[in-house]
Amino acid sequence: MKAHKSGSEVKLQGIAVSSGIIIGKAYLVDRSRVKIPYQYLVNQDQIRKEVKRLEDALRITSEQLLTIKDHMPENVKAHSFIIESHLMILKDSMFADSAIQRIMDEKINSEWAVQKSLEEIREIFNQIDDDYIRTRIEDVENVAERVLRNLSGEDYEDLAKIDERVIVVAHDLAPADTTELNLEKVIGFITDGGGRTSHTGIMAQALKLPAVVALETATNLVENGDLLIVDGNTGDVIINPADSTISDYQERQIQQEEYKSSMVKISHFPAETTDGYRIDIKANIEFLEEVESAKEYGGEAIGLYRTEVLYLKSKALPTEEELFEDYRQVAEIIAPNPVTIRTLDTGGDKIAATSIEIDDEMNPALGLRAIRFCLKEPEIFNTQLKSILRASAYGNVQIMFPMISGLQEVLDAKVILEQAKQDLDRKKIAYDHDIKVGIMIEIPSAVSMAEVLANHVDFFSIGTNDLIQYALAIDRINEHVAHMYEPFHPAISRMLQQVIVAARKAGINVGICGEMAGDPLCIPILLGLGFDELSMNARSIPFIKKLIREISMEEARIDFENILRLNTAKEIRGYIVNRMKPLIPELEGKGYFYS
Amino acid sequence: MELIKEFRIVNNLGLHARAAAKIVKLGSQYKSKLFLRKNDQEVDGSSILSILTLSCPKGTEVQARIVGDDSVIFMEALGELIEQKFGEGK
Numbered sequence: 001m002k003a004h005k006s007g008s009e010v011k012l013q014g015i016a017v018s019s020g021i022i023i024g025k026a027y028l029v030d031r032s033r034v035k036i037p038y039q040y041l042v043n044q045d046q047i048r049k050e051v052k053r054l055e056d057a058l059r060i061t062s063e064q065l066l067t068i069k070d071h072m073p074e075n076v077k078a079h080s081f082i083i084e085s086h087l088m089i090l091k092d093s094m095f096a097d098s099a100i101q102r103i104m105d106e107k108i109n110s111e112w113a114v115q116k117s118l119e120e121i122r123e124i125f126n127q128i129d130d131d132y133i134r135t136r137i138e139d140v141e142n143v144a145e146r147v148l149r150n151l152s153g154e155d156y157e158d159l160a161k162i163d164e165r166v167i168v169v170a171h172d173l174a175p176a177d178t179t180e181l182n183l184e185k186v187i188g189f190i191t192d193g194g195g196r197t198s199h200t201g202i203m204a205q206a207l208k209l210p211a212v213v214a215l216e217t218a219t220n221l222v223e224n225g226d227l228l229i230v231d232g233n234t235g236d237v238i239i240n241p242a243d244s245t246i247s248d249y250q251e252r253q254i255q256q257e258e259y260k261s262s263m264v265k266i267s268h269f270p271a272e273t274t275d276g277y278r279i280d281i282k283a284n285i286e287f288l289e290e291v292e293s294a295k296e297y298g299g300e301a302i303g304l305y306r307t308e309v310l311y312l313k314s315k316a317l318p319t320e321e322e323l324f325e326d327y328r329q330v331a332e333i334i335a336p337n338p339v340t341i342r343t344l345d346t347g348g349d350k351i352a353a354t355s356i357e358i359d360d361e362m363n364p365a366l367g368l369r370a371i372r373f374c375l376k377e378p379e380i381f382n383t384q385l386k387s388i389l390r391a392s393a394y395g396n397v398q399i400m401f402p403m404i405s406g407l408q409e410v411l412d413a414k415v416i417l418e419q420a421k422q423d424l425d426r427k428k429i430a431y432d433h434d435i436k437v438g439i440m441i442e443i444p445s446a447v448s449m450a451e452v453l454a455n456h457v458d459f460f461s462i463g464t465n466d467l468i469q470y471a472l473a474i475d476r477i478n479e480h481v482a483h484m485y486e487p488f489h490p491a492i493s494r495m496l497q498q499v500i501v502a503a504r505k506a507g508i509n510v511g512i513c514g515e516m517a518g519d520p521l522c523i524p525i526l527l528g529l530g531f532d533e534l535s536m537n538a539r540s541i542p543f544i545k546k547l548i549r550e551i552s553m554e555e556a557r558i559d560f561e562n563i564l565r566l567n568t569a570k571e572i573r574g575y576i577v578n579r580m581k582p583l584i585p586e587l588e589g590k591g592y593f594y595s
Numbered sequence: 596m597e598l599i600k601e602f603r604i605v606n607n608l609g610l611h612a613r614a615a616a617k618i619v620k621l622g623s624q625y626k627s628k629l630f631l632r633k634n635d636q637e638v639d640g641s642s643i644l645s646i647l648t649l650s651c652p653k654g655t656e657v658q659a660r661i662v663g664d665d666s667v668i669f670m671e672a673l674g675e676l677i678e679q680k681f682g683e684g685k
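In order, the protein sequence lines correspond to chains F and V.
Each residue of the first sequence is one higher than the one before, starting from 1 at the first, in the working numbering.
Each residue of the second sequence is one higher than the one before, starting from 596 at the first, in the working numbering.
Warning: the hint list may mix true and false statements.
The following label-pair restraints were derived from C-beta to C-beta distances [said to hold, decoys possible]:
hint: 1; chain 1: F; residue 1: L227; chain 2: V; residue 2: D635; range: 25 to 35 Å
hint: 2; chain 1: F; residue 1: Q253; chain 2: V; residue 2: K620; range: 53 to 63 Å
hint: 3; chain 1: F; residue 1: I124; chain 2: V; residue 2: I668; range: 27 to 37 Å
hint: 4; chain 1: V; residue 1: K633; chain 2: F; residue 2: R59; range: 32 to 42 Å
hint: 5; chain 1: F; residue 1: Q39; chain 2: V; residue 2: I668; range: 43 to 53 Å
hint: 6; chain 1: V; residue 1: A672; chain 2: F; residue 2: A78; range: 14 to 24 Å
Taking beta-carbon pairs under 8 Å as the criterion, some of the chain V residues facing chain F (in silico) [to be verified]:
hint: 7; residue: H611
hint: 8; residue: A612
hint: 9; residue: A616
hint: 10; residue: V619
hint: 11; residue: G622
hint: 12; residue: K626
hint: 13; residue: S627
hint: 14; residue: L644
hint: 15; residue: Q658
hint: 16; residue: G674
Taking lysine-lysine and the BS3-like style, the derived pairs with C-alpha atoms no more than 30 Å apart in a straight line are [what the hints assert, rightly or not]:
hint: 17; chain 1: F; residue 1: K49; chain 2: F; residue 2: K107
hint: 18; chain 1: V; residue 1: K633; chain 2: F; residue 2: K91
hint: 19; chain 1: V; residue 1: K620; chain 2: F; residue 2: K77
hint: 20; chain 1: F; residue 1: K581; chain 2: F; residue 2: K546
hint: 21; chain 1: V; residue 1: K600; chain 2: F; residue 2: K427
hint: 22; chain 1: F; residue 1: K208; chain 2: F; residue 2: K376
These are calculated hints, taken from the structure and not from any lab test.
Every value quoted in this text rests on a predicted model; they were computed, and no experiment measured them.
The C-beta atom is built at its ideal place from N, Cα and C for all residues, glycine as well.
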């Protein structure tokens, strides 16, 4: 039974790799793995024939790829190197020669030999530390798949022949497949496999085809002809959407088109109010690969570099060298502007190789995580701090400690930072001796203590997501209370104000790195409060810049004064919506445009 | 004739698919054979997969060894390619 046969819509969440919203019919493409026959060859004659058979398949594959490369649409020509590299993989001694050799040595059939060569290459790639290079095994898989397909004699479903306007649904699409799509007809695609750094995603962006990957079960749940909504901004895919959902998305689609054209221009202007106040607009990122696009969207610096990924991916703890390489590159790409590197902000349960036994916590949000975990594991913390310090010699790097609840944690963290500096001094390794150290303000007790904390750090960055959760006692993941998560709760405005006042008094910088910073409706409040910087998801930057450029600081201050007199979230939201209507026309309609 | 030279990878993405492909493509224009070495691992510079598996992110020191008649011009062209960051732009 298919999940959506009940008649209601089904929503899937994947990874958005190419932006844009599309609504259309599903077209399932069979790109499932070819069945591989396994055979032993019994005599020289069979072996000779088998070698010839593989050589033919390799030649045909090469011809196909060359044809694809020659017929690439103009706008993706810049990426023809991807197909070229597939051609090289095809001819690579590690792939082709080794497979042919296997037929002769191991007396096995071509498919089996190709499979074994692929496995051997996969094993070597698995040992590569660099995430980006390691995931290039995908390219080898794509090539092997095509060879196997040609060996099987099965025809590749000709993607160029699709003649309806459809959204392609596939288990996986190789970059070569992507360029073969008939662009007159195909409006986007979704796949079960793939990831953030897939070459397929790069192709989709170049082709301006909205795409969502890593949906895992899309090909099982979707049937040919099903209506689909694909949101290439959020990674949402909706199967057989209800009428109301369709009209919602149609609206968003139109808004998006309009914004897109105006946004491109605005993204590189400074965020300056009509009366001349400048606010730093920065980007939140999670991967090194995101730095370039953060800059493209108009991010002036990196206001939050989340560092969890390198810890979660590997079975062993990352080494100082690995972390340093990663941080250094981010620092170099964004230099001379700063990158704020947040130290580890996760629980020990997610990290391999720690000495602490952590049972399932009843309430992980209140558990042993972030700075608490780091202070309990000073070795791990020290290693990360040394990597950050070393990177600071290559750009403008700042350190930020998450989940600070009071002064003691700041003092303790600084002791370990001091040790890390001394370790480097002893080894005569360069770092920025004046590196700025700041903290996240995300626990209500830190808000109360802001005045004290401000005397011990160089900057505050308010993590509004957690602050709102902790202050309002709302678990956003709990569907029964999630709707009560409310940035407009009057308590939140007051807390933000308390932090700002403390920061001003001590003369330190204060910014926001939570979702509020990228929420158009929150902008008057944040401006009125007088934040120095807003750090957000890169995609939100152009629109937020546009808004700031249309508001005066004077008006925003008055807005904030007015808001302080309102005592419920509902009233505040009402005030803001009314206030922002002229600037965000979509507020008249149902939703408004976020990304 | 054998030439050996040290290089530092300076482009942002390191020796990734496109950069590795460019090295292989360059090599196909010369008669000499290229080997790349990182630490004590040496690989065939005409194999894109070998270059990728050498795993050279930005900042890696790589030793190029070129053996053959036209090794001098090959080495020159290789040096240029690496210094120009494989045409990656900024």
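Hints, verified against the model:
A beta carbon spacing of about 58 Å between L227/F and D635/V contradicts the range 25 to 35 Å that was offered as a hint. Checked against the hint of 53 to 63 Å, the C-beta distance between Q253/F and K620/V comes to roughly 42 Å, which is inconsistent with it. For the pair I124/F and I668/V, the supplied restraint of 27 to 37 Å holds, since their beta-carbon distance comes to about 32 Å. For K633/V and R59/F, the Cβ-Cβ distance of about 33 Å falls inside the hinted range of 32 to 42 Å, so the restraint holds.
Distance hint for Q39/F and I668/V: a CB-CB separation of about 48 Å, consistent with the stated range 43 to 53 Å. For A672/V and A78/F, the hinted distance range of 14 to 24 Å is satisfied, since their beta carbons lie about 22 Å from each other. Hint status for H611/V: holds, given a least beta-carbon distance of 6 Å to chain F, under 8 Å. The beta carbon of A612/V comes within 5 Å of a beta carbon in chain F, closer than 8 Å, and the hint placing it at the interface holds.
Of the supplied interface hints, the one on A616/V holds, with its beta-carbon coming within about 4 Å of a beta-carbon of chain F, less than 8 Å. Checking V619/V against chain F by beta carbon gives a least distance of about 5 Å; that is within 8 Å, so the hint holds. For G622/V, the interface hint is violated, the least distance from its beta-carbon to any beta-carbon of chain F being 11 Å, above 8 Å. The beta carbon of K626/V is not positioned within 8 Å of any beta carbon in chain F (closest approach about 18 Å), and the interface hint is therefore violated.
Residue-level restraint check for S627/V is violated (minimum Cβ-Cβ distance to chain F is 17 Å; threshold 8 Å). Below 8 Å, beta-carbon pairs count as interface contacts, and L644/V has one with chain F at about 4 Å; its hint therefore holds. With a least beta-carbon distance of about 19 Å to chain F, the hint placing Q658/V at the interface is violated under the 8 Å criterion. For G674/V, the interface hint is violated, the least distance from its beta-carbon to any beta-carbon of chain F being 21 Å, above 8 Å.
As the CA atoms of K49/F and K107/F are separated by approximately 12 Å, the hinted pair is consistent with the 30 Å bound. Annotation: proposed proximity of K633/V to K91/F holds, straight-line Cα distance about 24 Å (limit 30 Å). For the hint linking K620/V to K77/F, the alpha-carbon distance of about 17 Å falls within 30 Å, and the restraint holds. This hinted pair checks out: K581/F and K546/F have alpha carbons roughly 14 Å apart, not beyond 30 Å.
For the hint pairing K600/V with K427/F, the CA-to-CA distance comes to about 29 Å; that is within 30 Å, so the pair holds. Of the supplied pair hints, the one linking K208/F and K376/F is violated, its CA atoms being roughly 47 Å apart against a limit of 30 Å.
Consistency with the previously given hints fails for numbers 1, 2, 11, 12, 13, 15, 16, 22, ordered from lowest to highest.
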